[in-house]
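Line order of the protein sequences matches chains B and U. For the first sequence, our numbering begins at 1 and goes up steadily by one. For the second sequence, our numbering begins at 1001 and goes up steadily by one.
Be aware that one or more of the hints could be misleading.
For each label pair, taking beta carbons as the anchor points, the in silico distance ranges come out as [as the list claims (entries may be wrong)]:
id, chain 1, residue 1, chain 2, residue 2, range
1, U, E1007, B, D19, 44 to 50 Å
2, U, E1061, B, P190, 18 to 24 Å
3, B, A54, U, D1035, 36 to 42 Å
4, B, E61, U, R1083, 44 to 50 Å
5, U, T1005, B, P190, 36 to 42 Å
6, U, T1005, B, Q243, 54 to 60 Å
7, B, T188, U, A1084, 24 to 30 Å
8, U, Q1068, B, V53, 32 to 38 Å
9, B, I107, U, Y1065, 26 to 32 Å
Since the hints were made in silico from the structure, they are not lab data. These numbers were taken from a predicted model, which means no experiment stands behind them. Just so you know, even glycine gets a beta-carbon here, dropped at the ideal spot from N, CA and C.
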Amino acid sequence: MRDTTAIAGDSAAAPAAVDIGALVLERATLRLHRKDDVAVLVLDHAPANEVSVAMLGALEEVLAYTRAHPPRALVLTSARANAFSAGADLRELHRELEKHLASGKSIEAGQTEVRAFIDRIHTVMDQLDTAPFATIAAIAGVCMGGGFELALACDIRVADKSVRFAFPELRLGLVPGWGGTARLSRETSPALLRDLLITGRSLGAQRAYELGLIQSPVARGEALNIAMRMATQAAHFSPPALQAAKRLSKALPAGALQAEKDAFVALFANDAVRQALHRFATSTDVRPYL
Amino acid sequence: MATDTAEGRTIISRLLDLAARHYDRPRASLGPEADLFKSLGIDSFQALDLLSRLEEEFRCEIPDYELQGITTFGGLAEVIARRA
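The whole structure should be built from the sequences, with the hints applied where relevant.
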């Protein structure tokens, strides 16, 4: 365990550093800190906190830690200047898919591996969603695909004015597969979900606030500071009352989650996905999301 | 053309001011016909940040799909004029 650490926000205005407590777990893709009853998960995987197999394993370890040493609140944030998370590590996925096919295995066998990964990530998301403590995402910059889905599993989202939420999965011939369709419908509306899926557009802070997706937008670089204050307040409440509040306001949409998993795995068998992954992995376009 | 009207010229002027300020470029080096991605030297994430700054500056929503095919500040100003 290392000493108390402070991380700065990402604004050009250089906001004050925020005390997030002692380091309690460190992996190549993330760190977990703790300040009294508040745990702080810092995603730190260049370039934009893409969720790789290694990060998934580290997230599983973080949740194991919270079961062994329950905090009263968990804040999720990013050490990257430009992103909360850009979602799944598509370059890793492309690499693994090509390796799999080059070895002579069928795409159907690949679907089995994808299903296993999806089951693991759903377990992580569901545990975060139903955690017996408050979960608060402090978001700045890009929050897309799986990163958006991670934020949607949290109880509250605090975002600064640089945030862009999007589900770009249809560009890959897929739908979100980590619970995002079920959770965005739960948190806001099916109409917003359809809009984001079908147009692929990104959503800025003001609009996200108007739609109830985030708390009011905060100044650039201030999301973590405000999320820590919120978490400290939530940590004062009785855990049974907080857990009851979560149960009453945030039921797990089990049927919709299962339907989404099935749709994602079925779509993954299409050759269009392989082609789209190749285009993404080799693209130099400055606007790959447009 | 956005430069055909006073409102359009005002939008372009504010747009170029914003670009020069946030991306540290000489204001005089930017004009309506300049390639906005090349002249600002921005990557995909910075392009999204630009979108957020534009929405904040002009107090309107600018969906990404409206930017398809837009390469110049003048073109961007026309998108903003339709939304602002």
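Taking the hints in turn, this is what the structure says about them:
1. E1007/U with D19/B: 44 to 50 Å: holds, 48 Å
2. E1061/U with P190/B: 18 to 24 Å: 20 Å Cβ-Cβ, so the 18 to 24 Å window holds.
3. A54/B with D1035/U: 36 to 42 Å: At roughly 38 Å between Cβ atoms, D1035/U and A54/B fall inside 36 to 42 Å, so the hint holds.
4. E61/B with R1083/U: 44 to 50 Å: holds, 45 Å
5. T1005/U with P190/B: 36 to 42 Å: holds, 40 Å
6. T1005/U with Q243/B: 54 to 60 Å: holds, 59 Å
7. T188/B with A1084/U: 24 to 30 Å: holds, 25 Å
8. Q1068/U with V53/B: 32 to 38 Å: Between Q1068/U and V53/B, where Cβ atoms are some 34 Å apart, the hint holds.
9. I107/B with Y1065/U: 26 to 32 Å: holds, 31 Å
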